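Colleague: Below, each chain spelled out in residue letters.
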Amino acid sequence: MLNSNRRPKSFYFLTAFFALFILFLYGPTLTIGILSFQGPSGGLTFPMNGFSLHWYFKLFEQQAVGDFGGSLTRSLLLALAVMVATVVISLSAGMAFRKKFKGSSVLFYLTIVSLIIPSILISLGIGLLFNQIGIEPTWYGSAFGSHLTWTLPFGLLIMFAVFNRFDKSYEAAARDMCATPFQILRFVVIPLILPSLVGVGLFGFTLSYDEFARTIMTAGSKNTLPLEIFGMTTNVTTPVLYALGTLTTFISFVVIIGTLFTLHLLKRRRRRISGGE
Amino acid sequence: MANERSAYLQSFPLFMIMLIFLVIPTLMIVIVSFWDYNSFSVIPDFIFDNYNFLLTSPVTWQAYAKTLFYAVTSWAITLLIGFTAAYYMAFHLRTTKAQTICFLLATVPFLTSNIIRMISWIPLLGRNGLVNQMLQSLGLINQPLEFLLYSDFSVILAFVHLYTLFMVVPIFNSMMRIDRKLVEAAIDAGASPWQVVTHVIIPLSKSGITIGTIFVFTLVMGDFITVRLMSGGLSASVGLLIYNEISLLQYPAAAAGAVTLLATVLIMLAILFRFANIRKDL
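One line per chain: the protein sequences are L and R, in this order. Using numbering that gives the first Met the number 0, count along the first sequence one by one with no gaps and you end on 276. Using numbering that gives the first Met the number 0, count along the second sequence one by one with no gaps and you end on 281.
Hints are computed from structural coordinates only; laboratory data are not their basis. Everything numeric in this text was worked out from a predicted model, so none of it was measured. All C-beta atoms, glycine included, are put in the ideal place defined by N, C-alpha and C. Incorrect hints may appear among the rest.
Far from chain L by the CB rule (all over 12 Å, computed), these chain R residues [claimed, not checked]: (1) S38; (2) I46; (3) D48; (4) N51; (5) L53; (6) T72; (7) L137; (8) I140; (9) D151; (10) K205; (11) F274.
Cut-off 27 Å, straight-line C-alpha distance, at most; resulting in silico cross-link-like pairs (BS3-like, lysine-lysine) [unchecked claim]: (12) R:K96 / L:K266; (13) R:K96 / R:K180; (14) R:K65 / L:K8; (15) R:K96 / L:K8.
The task is simple: from the sequences and hints, build the whole structure.
Modeller: Following this line, the structure appears as structure tokens:
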């Protein structure tokens, strides 16, 4: 089954299955992508009534659909901040978990609980807490913290996987050459795990950029993009919603492709460095 | 020791975030669930009225029944699809490159907003949607199928669409760690491909299946957006009840609902964790 050169019948069956699965994953998004280019008189479903960028322009008219520009800016800034914090805190905690320390399993299970606890609980809890101590919830304060409870577990789990495969002899060699702990981190550990760190950052960014449930009670008076989108689903019934969906999906893709490209460059640079020596 | 001290220092930021934004808020919910409230404000108190009302209300029990139905159905479907997809990638694709490409293909949709992915079903499933138009032009049906959108069907479809990946990734991970010699040995011993799957691969990917199950179960149990959007407000889940109470500023009632939901989820997890040692399997 595995090493014979002839493909078994099940292979073709499973390939078809997998192709259908991929179609299932992408089909709906592609549909609204196409429908977002409806003409001005077009509706929410097919057939296409002409072809235009009408609904994209509509998106940027302030009064029509609320504060799209502002919420997009806030979401991007928040996602960037969450990305940086996730990378730094996950790396730091990942390093800690390589050693034995008291309370490590408590902290580990706390992080797992943070991952699987229903998001609405986090949102409600943080909202109540901030209300009671009299601090106004804000998208850059309480929402930042609530997003971290969602991104850090993923970051930590990735760091676990990374350090499980990490060859400690590189660090030992650096230590033998009298490198300080900071130098070891800066010149040995970080360059070696950089692609994974970029991955953690990418994860943190997209998780935060899309996070809705953990934001509803923590963002305060200013909406982030997912909140804005959710608001629109209840009162907007034009293809402007599809334009918004397509645009945000496009932004996600740009971020992902940009990151993959950076990874590719890093890999090439590393190959060049190791090849040159 | 210096080593241990640096570990404390390094884990301190994570610890603080978890303390301030997870532990204390959860305690806050527990405390507030015993508070009183009127239409204007919440009043610190120690009463059991919130729980009393919650647990004796038929609405709660219906919501729990509905939520469990969603969770179990979505779990079964995501497991079936997720296992098959992971099995295909792990055992039928021969090169790492093909595996990586397929893996990325399956992961990319996960990176776009859940709400957008839900809305995307509307032009497909609606009364005048693509599916109905197609079925009608093929002459298979005379009038649009009404159950496609704003129904239990569309809710579960959206869950499967959103969460199958949470099954694929852990199952694929544990499958990649299966020693290929075991599969060959089974074939040499005369096992049919089906027997290989049921006797070798399924038992050895148990931990991946468990982790995927934990994800899908907890995500569906706490969900309110999918249920609200995809049922068109016709159906209520536990999460949605809590969300509605939050919207009405009935925080103590919402908190009591949240504590009950948390207890339910924790009991389920305690059962599931018996099937996997999560720390070892990661």
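Colleague: Give a verdict on every hint.
Modeller: Evaluated hints:
1. Every CB of chain L is more than 12 Å from the CB of R:S38 (nearest about 17 Å), matching its label as outside the interface.
2. The non-interface label for R:I46 is consistent with chain L: the shortest C-beta to C-beta separation is roughly 17 Å, beyond 12 Å.
3. For R:D48, the condition that its CB be more than 12 Å from all CB atoms of chain L holds, with the nearest at approximately 18 Å.
4. Residue placement check: R:N51 keeps its beta carbon more than 12 Å from all beta carbons of chain L (closest about 20 Å).
5. Against chain L, the non-interface label of R:L53 holds: every CB pair exceeds 12 Å, the least being about 15 Å.
6. Here R:T72 stays apart from chain L, with its beta-carbon at least about 17 Å from theirs, past the 12 Å limit.
7. Against the 12 Å criterion, R:L137 stays outside the reach of chain L, whose nearest CB is about 15 Å from its own CB.
8. At roughly 17 Å, the least C-beta separation between R:I140 and chain L is larger than 12 Å, which holds for a residue marked as non-interface.
9. The claim that R:D151 lies off the interface holds: its Cβ sits roughly 18 Å from the closest Cβ of chain L, which is beyond the 12 Å cut-off.
10. Interface exclusion of R:K205 from chain L stands, the closest Cβ pair being 18 Å apart, more than 12 Å.
11. Non-interface status of R:F274 relative to chain L is upheld: no Cβ of that chain comes within 12 Å, the nearest being about 15 Å off.
12. About 16 Å separates the Cα atoms of R:K96 and L:K266, which keeps this hinted pair within 27 Å; it holds.
13. For the hint linking R:K96 to R:K180, the alpha-carbon distance of about 22 Å falls within 27 Å, and the restraint holds.
14. With a C-alpha separation of about 40 Å, the suggested pairing of R:K65 with L:K8 is violated against the 27 Å cut-off.
15. Restraint check: the Cα-Cα separation between R:K96 and L:K8 comes to about 22 Å, which is no more than 27 Å; the hinted pair holds.
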